[in-house]
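Given only the sequences and the hints, what does the whole structure look like? Please build it.
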Amino acid sequence: MKIRLHEIAHCRAGDKGDTSTLSLFAFDERHYTLLRREVTAEAVGRHLSRTVRGEVVRFEMPNVAALQFVCRQALRSGVTTSLAIDPHGKCLSSELLEMEIEAGE
Amino acid sequence: MIRIGCGAGFGGDRLEPAVTLLERAGLDYLVLECLAERTIGLGQKRRMHDPEAGYDPLLDRRLAPLLPLLKRHGTRLITNMGSANPLAAGRRVVRLAEEAGMALTVAVVTGDDVLGIIDPAAPSLENGRPLSGHGPILSANAYLGADALLPALETGADVVITGRVADPSLVVAPLAHRFGWKLDDWDRIGQATVIGHLLECAGQITGGYFADPGRKDVPGLADLGFPFADIDAEGRCRIGKLAGTGGLITAATVKEQLLYEVTDPSGYVTPDAVADFRAVRITPTGPDQVEVVGGTAKPRPDTLKVSVGYHAGFVGEGEISYAGANALGRARLAGRILDERLRPSIPELTVECLGGEAYRHGFLEGLPPTVEYRLRVVGRAADAATAGEIGREVEAMLTNGPAGGGGARGSVRETVGIVSTLVERSRVRPQVTVVESAR
Numbered sequence: 001m002k003i004r005l006h007e008i009a010h011c012r013a014g015d016k017g018d019t020s021t022l023s024l025f026a027f028d029e030r031h032y033t034l035l036r037r038e039v040t041a042e043a044v045g046r047h048l049s050r051t052v053r054g055e056v057v058r059f060e061m062p063n064v065a066a067l068q069f070v071c072r073q074a075l076r077s078g079v080t081t082s083l084a085i086d087p088h089g090k091c092l093s094s095e096l097l098e099m100e101i102e103a104g105e
Numbered sequence: 001m002i003r004i005g006c007g008a009g010f011g012g013d014r015l016e017p018a019v020t021l022l023e024r025a026g027l028d029y030l031v032l033e034c035l036a037e038r039t040i041g042l043g044q045k046r047r048m049h050d051p052e053a054g055y056d057p058l059l060d061r062r063l064a065p066l067l068p069l070l071k072r073h074g075t076r077l078i079t080n081m082g083s084a085n086p087l088a089a090g091r092r093v094v095r096l097a098e099e100a101g102m103a104l105t106v107a108v109v110t111g112d113d114v115l116g117i118i119d120p121a122a123p124s125l126e127n128g129r130p131l132s133g134h135g136p137i138l139s140a141n142a143y144l145g146a147d148a149l150l151p152a153l154e155t156g157a158d159v160v161i162t163g164r165v166a167d168p169s170l171v172v173a174p175l176a177h178r179f180g181w182k183l184d185d186w187d188r189i190g191q192a193t194v195i196g197h198l199l200e201c202a203g204q205i206t207g208g209y210f211a212d213p214g215r216k217d218v219p220g221l222a223d224l225g226f227p228f229a230d231i232d233a234e235g236r237c238r239i240g241k242l243a244g245t246g247g248l249i250t251a252a253t254v255k256e257q258l259l260y261e262v263t264d265p266s267g268y269v270t271p272d273a274v275a276d277f278r279a280v281r282i283t284p285t286g287p288d289q290v291e292v293v294g295g296t297a298k299p300r301p302d303t304l305k306v307s308v309g310y311h312a313g314f315v316g317e318g319e320i321s322y323a324g325a326n327a328l329g330r331a332r333l334a335g336r337i338l339d340e341r342l343r344p345s346i347p348e349l350t351v352e353c354l355g356g357e358a359y360r361h362g363f364l365e366g367l368p369p370t371v372e373y374r375l376r377v378v379g380r381a382a383d384a385a386t387a388g389e390i391g392r393e394v395e396a397m398l399t400n401g402p403a404g405g406g407g408a409r410g411s412v413r414e415t416v417g418i419v420s421t422l423v424e425r426s427r428v429r430p431q432v433t434v435v436e437s438a439r
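Chains as they are written, first to last, in our numbering: chain A, 1 to 105; chain B, 1 to 439.
For the record, the hints were derived by calculation from the structure and aren't laboratory data.
Among the hints, a few may not be true.
Claimed, not checked - No more than 30 Å apart at the CA atoms, straight line, and that leaves these computed lysine-lysine pairs for DSSO-like:
1. B:K71 to A:K90
2. B:K45 to A:K16
3. A:K16 to A:K90
To be verified - Heads up, incomplete: computed chain A residues facing chain B, CB under 8 Å, no partners named:
4. K16
5. T19
6. S23
These numbers were taken from a predicted model, which means no experiment stands behind them.
From the three backbone atoms N, C-alpha and C, an ideal C-beta is built for every residue, glycine too.
Next comes the structure, spelled out in structure tokens:
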């Protein structure tokens, strides 16, 4: 069964230079294992490939039931000089929540 | 136990939540974090035109209502509103106090300006190109830490005003000062860094930047309350907000802020420590209240990060709307015309459709059906006149482009870019200057 991440998770975007940080949290901590299995760095890189041109690194944070994705070359040269309509990449948090994952065993 | 409130999370933040915090929260310290990455570069440009300018342009409006309340409630203020000219900011704060007939002491922290000691030929941390190769350098400011703020607090001043300081240090310093924590007590300094990192964005921990209607509902966003933290001598921390203010504090709002802008949760580098967030525990302890424990750290680095501001040319921008029948076709046609006319003189040019996929840096591919498109053309040029061509060409679409274009607008702005370098800590010498009101 496919579900959209938005149904079980929330996300906040941050930025540092040309890097976007996307913090993904399970609403219900019991879903953390599912997120860890399905939302890999590779899957996030594929889902955001229109925007994120560099590597995606994932950190696991079981203490807060979160995954931290650090996405390089995501902001078209960085906040101060980007010509993008959203130079901070704030919209990326909601775009990540559009990702579909396999929720079955 | 001490109580620290945060009354601003960025330079343009709302003015009134800090007033509410001072009036009702019984704060020991109020922190105002008002300095974004490029703000000092812009301030430096203002200072070149006027030696008494270069501090936060909202300083008068933000601080005038706060100064009498600080005095009345015995709250000390710590802020980086000094920006590119902390001494002038300190003098201005004293003047504001005099105008209000108040006695006030301000401790100004300087020394973050390292323009004189950086090597313009050094590679930037971002892309390895020489710092000066990005454009004419405007400013270079090292991120000072709690060690630079402590002597200012020790003067007993009512207000401590700084330029570039790491955001969490604005909170680490008063904790170390009040509890006598050693700056190499890594567990406590790590936990203090966590608390500072959570508070620094003000409303972002009380429900601001969090709401998603139907999924994450936040009450009272038009009257968002800002946070305060109660911290004991062991570093245990409870974060709360005033009853009756809008917003909410939950484990979820605090967790989102914990990881905000963090590129390595096991090593969050500040001038005070390399903080480790992996053992932080966030537990609800009451309505709009959570407990935060477990921050720790490894020793601080021997270098300080320096933000180097450079002149990044002029950005010209223009927009025009197309709606109704074949709106997308007409927007695309206008986009092709503008690209053909502008790209020869402005190679760094973007043509995209708002309401389509512009946020993804998209170019009109795979758009969903909609009845309205706003074409956006933006580019960078070395001079303002060339950048201004973008707005003029977009406006020309009113009579020279596809049918039915409306609402054309154009603008030009000067931009300051930021790159980073490192400087040896031993080469940076923070100083404290005390200024007092005449009465």
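Hint by hint, here is what the structure shows:
1. A distance of roughly 39 Å separates the Cα atoms of B:K71 and A:K90; the hinted pair therefore is violated under the 30 Å criterion.
2. Restraint check for B:K45 and A:K16: satisfied, since their Cα atoms lie roughly 24 Å apart, inside the 30 Å limit.
3. Restraint check for A:K16 and A:K90: the C-alpha separation of about 12 Å stays at or below 30 Å, so the hint holds.
4. About 6 Å separates the beta-carbon of A:K16 from the nearest beta-carbon of chain B, less than 8 Å, and the hint is met.
5. About 6 Å separates the beta-carbon of A:T19 from the nearest beta-carbon of chain B, less than 8 Å, and the hint is met.
6. With 8 Å as the threshold, the beta carbon of A:S23 comes within range of chain B, its nearest partner Cβ sitting at about 4 Å, so the hint holds.
Hint 1 alone, counting from the list given before, is not met by this structure.
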